[in-house]
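Q: The listed protein sequences correspond, in order, to chains A and B. Anchor point for the first sequence: position 724 equals 724 in the working numbering, and the numbering is continuous, going up by one each time. Anchor point for the second sequence: position 34 equals 1034 in the working numbering, and the numbering is continuous, going up by one each time.
Treat the hints as calculated values from the structure; they're not laboratory data. Any given hint could be a false lead.
What the hints assert, rightly or not - Capping the alpha-carbon separation at 25 Å, the derived lysine to aspartate or glutamate pairs in DMTMM-like fashion look like this:
| no. | chain 1 | residue 1 | chain 2 | residue 2 |
| --- | --- | --- | --- | --- |
| 1 | A | LYS801 | B | GLU1025 |
| 2 | B | LYS1036 | A | GLU642 |
| 3 | B | LYS1036 | A | GLU166 |
| 4 | A | LYS799 | B | GLU1076 |
| 5 | A | LYS239 | A | GLU166 |
| 6 | B | LYS1006 | A | GLU166 |
| 7 | B | LYS1036 | A | GLU325 |
| 8 | B | LYS1036 | A | GLU43 |
| 9 | B | LYS1036 | A | ASP615 |
| 10 | B | LYS1036 | A | GLU618 |
| 11 | A | LYS98 | A | GLU166 |
| 12 | A | LYS736 | A | ASP886 |
| 13 | B | LYS1006 | A | GLU500 |
| 14 | B | LYS1036 | A | ASP610 |
| 15 | B | LYS1006 | A | ASP611 |
| 16 | A | LYS624 | B | GLU1076 |
| 17 | B | LYS1036 | A | GLU806 |
| 18 | A | LYS440 | A | ASP886 |
To be verified - Cβ pair distances, simulated, as ranges:
| no. | chain 1 | residue 1 | chain 2 | residue 2 | range |
| --- | --- | --- | --- | --- | --- |
| 19 | B | ASN1005 | A | ALA329 | 37 to 43 Å |
| 20 | B | GLY1056 | A | ARG512 | 30 to 36 Å |
| 21 | B | PRO1022 | A | LEU620 | 26 to 32 Å |
| 22 | A | PRO890 | B | ASN1005 | 31 to 37 Å |
| 23 | A | GLU304 | B | THR1085 | 57 to 63 Å |
| 24 | A | ARG512 | B | SER1060 | 50 to 56 Å |
| 25 | A | LYS952 | B | ASN1028 | 44 to 50 Å |
| 26 | B | ASN1028 | A | ALA612 | 20 to 26 Å |
| 27 | A | PRO816 | B | ASN1005 | 19 to 25 Å |
| 28 | A | ARG493 | B | ASN1028 | 48 to 54 Å |
| 29 | B | SER1060 | A | THR745 | 37 to 43 Å |
| 30 | A | GLY622 | B | ASN1005 | 40 to 46 Å |
Stated by the list, open to error - Rough simulated footprint, nothing fancy, chain A against chain B, three-plus residues with beta-carbon under 8 Å:
| no. | segment |
| --- | --- |
| 31 | 1019–1032 |
| 32 | 1038–1046 |
| 33 | 1049–1062 |
Glycine included, every Cβ here is placed at the ideal spot set by N, Cα and C.
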Amino acid sequence: MPLVPEIDYGTPASRSEKMVTLTIDGNEITVPEGTSIMRASMEAGIQVPKLCATDMVDAFGSCRLCLVEIEGRNGTPASCTTPVAPGLVVHTQTGRLKDIRKGVMELYISDHPLDCLTCAANGDCELQDMAGAVGLRDVRYGYEGDNHVKARNNGEANARWMPKDESNPYFTYDPSKCIVCSRCVRACEEVQGTFALTIEGRGFDSRVSPGMHEHFLESECVSCGACVQACPTATLTEKSVIEIGQPEHSVVTTCAYCGVGCSFKAEMRGEELVRMVPWKDGQANRGHSCVKGRFAYGYSSHRERILNPMIREKISDPWREVTWEEAYAHVASEFRRIQYQYGRDSIGGITSSRCTNEETYLIQKLIRAGFGNNNVDTCARVCHSPTGYGLGQAFGTSAGTQNFDSVEHTDVVIVIGANPTDAHPVFGSRLKKRLRKGAKLIVIDPRRTELVSSPHIKASYHLPLKPGTNVAVVTALAHVIVTEGLCDEAFIRERCDWSEFEDWASFVAEPRHSPEETEAFTGVPAEALRGAARLFATGGNGSIYYGLGVTEHSQGSTTVMAIANLAMATGNIGRPGVGVNPLRGQNNVQGSCDMGSFPHELPGYRHISDDATRDIFEKLWGVKLNNEPGLRIPNMLDAAVEGTFKGIYIQGEDILQSDPDTKHVSAGLAAMECVVVQDLFLNETANYAHVFLPGSTFLEKDGTFTNAERRINRVRRVMTPKNGYADWEVTQNLAKAMGLDWTYTHPSEIMDEIAATTPSFALVSYDYLDKVGSVQWPCNEKNPFGSPIMHTNGFVRGKGKFIRTEYVATDEKTGPRFPLLLTTGRILSQYNVGAQTRRTDNVIWHEEDRLEIHPHDAENRGIREGDWVRLSSRAGDTTLRALITDRVAPGVVYTTFHHPTTQANVITTDFSDWATNCPEYKVTAVQISPSNGPSDWQVEYDELARRSRRIKGKLEAAE
Amino acid sequence: MSEGNKIVRMANQIATFFHSQPASEGPNGVATHINKFWEPRMRRQLFDLIDNHGGGGLDSLVLEAAPLIRRPPPAEVPPAQAAATATP
């Protein structure tokens, strides 16, 4: 198995539809207008020598190596910066060019160490390749004069020389190897959009500098890896490559972090992962990555991974390692006992949004066919279930309407309740790229997120609303659009139900929805809101991107409908550059929903009460299916506390840390008689588990993930599961122990079953995915190449439905006891409950959750930067350290929830979305006060966690 | 908060949404929603509140919707309990 080949064309592709024909070295070639001569040559199979050019960034023309001669033109133009023209006759190799190139290379090498044999880039060095390509045989200049190579010249310190910067945990910067091609600087600007790097100095003094001559770690660098990828030498090198050496084969797979679903090449040496490199042909990420996907995979070999199944009678007992057979038999007999004692509906399960489609499908199949009930749910319950409901009502499908490429065609973007540069970083970079090219931005968020103002990015409007008032703000936007006559009437008449529109329009036009009226409780200045509404309605292609700041409210579903209304009213549905785009949280949260993880739906979003759908599965599975909806996660916990729900199988989900109102979750879990947790680590939920089944990582199994744009991407196994089995095998073995006759030998067979039963997946198979790379569902006879954009010829439900969206204030209100509003979110370097990222070097960026407080609120309470503060709500209290910042408005505090010691969810309440029970994470009334230590709950919980991680015969695991 | 109160709160939240919708959709909307998403146990608790506790605390729209809400089958008697009662 070789390395996956990738051709570097030197400059980006041109989008022009006009074609130009020219002759290069006697070959006639036709390329789009605007293509560089360098790229055209490469397409003709001729590689012009180059150093500063690479197709991830625009041409720069600094290395003078890619010169060519053009008949009828003077001199030797750089092929990277010279566009093609009709009838040009180009020569890439002439005596004159050869001499120039050799001279240029000689100068480069005269200031470059010749330690090639021991250099980490040996085998992957473009400088070495070019020295070979131009036939460099001699370097006349030596190091005796000025150089950056040696620490000392003639026994004296060399001020030009700089030591390696090893501050970043994942890569090193060795200035002595830098050829100042500035590819890294341009990658940081053009691809990532952070502008952390620059070239400092002039002439021979110039060199790459993170920030103002800082170390990488202290600079603005976000460690996305684009610079490392762009570097042609060993100047920027992954530490893993330095340690291991060059990879010998690579496999294309899909990142297991956020919902962007980036494609990566897992570059391997045997079964050892050397590095993850974003794949240029990956259609979600187009060759870009973030610090998590690129570097934070170390958890897969972390010493705390549990590799053997374990059982205990009581959760106060230490764990006892057992064989897999014993574990399966124990779970099967316990679940059967519980059902005998408490009834068929007394058990259930939770599928994982981190596991593959195939694994998720099997869990819901086990529950429906094996347990005989529909008590299955997934973590989408606590993130995007309102999207499913809201978009389903408005458009007839829960699907996000666009692909990620669509952002390249947008003119005005609304980002509401999402922080993509932290939570969906690669999409964030793609959005910023478009914004730098002129698209306008409206940010609706209680916090001043990075998108509001950062280098070369400035939102036209930031509407800093009070948490919980989304519906009022979005309805007020609609008010302005309707009352100022900015609706796209032609679109509405053609695509939507006109009478429903009229009803809605008269509703939103009521004066009480005007921005002047809503300002009083939303905190959004009316003038800014009007400006934003006008911009969105009149600025060209308008797109809306949103995240959990929309859904995780008691009116989450209503806000989703309000967003759908806004898109329809302005005619922004059904073509590139527009649409309603939910940014999904976890890698496969879309897939887990598609696969029938919800208690009321079979795969493909078909209600369980639908006889025809049940019939398909009943025939295939040979069982009678229950036609009643099952319990959702919060309902399961309620039923557990009540005493009618006694056993649960949880795959790859840490509800104790991630779900709201921790005390309620722990009470529910504690009331159960058999809690089975399948995970990589003894997570927080496992503190309440009776059986632990070790899980496998995405590197250890085959399958598919479906990202936020509905793209079905292959996950490919690159190493043997450390625990012995892929997760789908564990579920299958458990099903067999419970008497089910399952005989899958490979996940592809599970996908075949999905395709056979689920119309939107009809044409999906591993063979097909291998052939086309990836597809976006629906992928069927009607859409054989998938569906990048939805609703192109009318809505899935027929006519788009406008729905009245009345603002209802949440019951979670501030008052004298709890005067502040807490809202929660993610940070770039960490991922959700942190089970993975906390077990990587990413902790260097974020080792604890901090509470962001406005200086005004902090001063009132005598809180200084870094002080311990007690954070209390009516649900509970915890302590964490303060971070004083005006990113949050006065009256609002913010924290992340990545660390179990913080237990941010002890604070959050059991309020939830009216339609889906999605918890209201984003609004909790709190009080803060100075503190001198952990809360009682934290002390007790620490002790419980420590005790519950004891394994018989093993030293206590340190967490 | 007791589970009964939770059922009331959840039902009333749904009713609150449908109050804002065109009047013709009200009771039907509430009933359809509950039929689609509420597990029988939850509907049983709801009917218990309506039948045996005068619908205490429930929004009028929920009460109006009640006739349209599917009555769940009686709770399953667990096999163990059935066996115990069957034994003479």
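Q: For each hint, tell me whether it holds in the structure or not.
A: Going down the list of hints, with the structure as the test:
no. : hint                                : in the structure
1   : LYS801(A) to GLU1025(B)             : holds (14 Å)
2   : LYS1036(B) to GLU642(A)             : holds (23 Å)
3   : LYS1036(B) to GLU166(A)             : violated (57 Å)
4   : LYS799(A) to GLU1076(B)             : violated (42 Å)
5   : LYS239(A) to GLU166(A)              : holds (9 Å)
6   : LYS1006(B) to GLU166(A)             : violated (55 Å)
7   : LYS1036(B) to GLU325(A)             : violated (39 Å)
8   : LYS1036(B) to GLU43(A)              : violated (56 Å)
9   : LYS1036(B) to ASP615(A)             : holds (18 Å)
10  : LYS1036(B) to GLU618(A)             : holds (20 Å)
11  : LYS98(A) to GLU166(A)               : violated (38 Å)
12  : LYS736(A) to ASP886(A)              : violated (57 Å)
13  : LYS1006(B) to GLU500(A)             : violated (33 Å)
14  : LYS1036(B) to ASP610(A)             : holds (11 Å)
15  : LYS1006(B) to ASP611(A)             : violated (31 Å)
16  : LYS624(A) to GLU1076(B)             : holds (17 Å)
17  : LYS1036(B) to GLU806(A)             : holds (22 Å)
18  : LYS440(A) to ASP886(A)              : holds (24 Å)
19  : ASN1005(B) to ALA329(A): 37 to 43 Å : holds (41 Å)
20  : GLY1056(B) to ARG512(A): 30 to 36 Å : holds (32 Å)
21  : PRO1022(B) to LEU620(A): 26 to 32 Å : violated (41 Å)
22  : PRO890(A) to ASN1005(B): 31 to 37 Å : holds (34 Å)
23  : GLU304(A) to THR1085(B): 57 to 63 Å : violated (49 Å)
24  : ARG512(A) to SER1060(B): 50 to 56 Å : violated (23 Å)
25  : LYS952(A) to ASN1028(B): 44 to 50 Å : violated (58 Å)
26  : ASN1028(B) to ALA612(A): 20 to 26 Å : holds (23 Å)
27  : PRO816(A) to ASN1005(B): 19 to 25 Å : holds (24 Å)
28  : ARG493(A) to ASN1028(B): 48 to 54 Å : violated (27 Å)
29  : SER1060(B) to THR745(A): 37 to 43 Å : violated (58 Å)
30  : GLY622(A) to ASN1005(B): 40 to 46 Å : holds (42 Å)
31  : 1019–1032                           : holds (count 4)
32  : 1038–1046                           : holds (count 5)
33  : 1049–1062                           : violated (count 0)
Against the hints set out earlier in the document, violations occur for numbers 3, 4, 6, 7, 8, 11, 12, 13, 15, 21, 23, 24, 25, 28, 29, 33.
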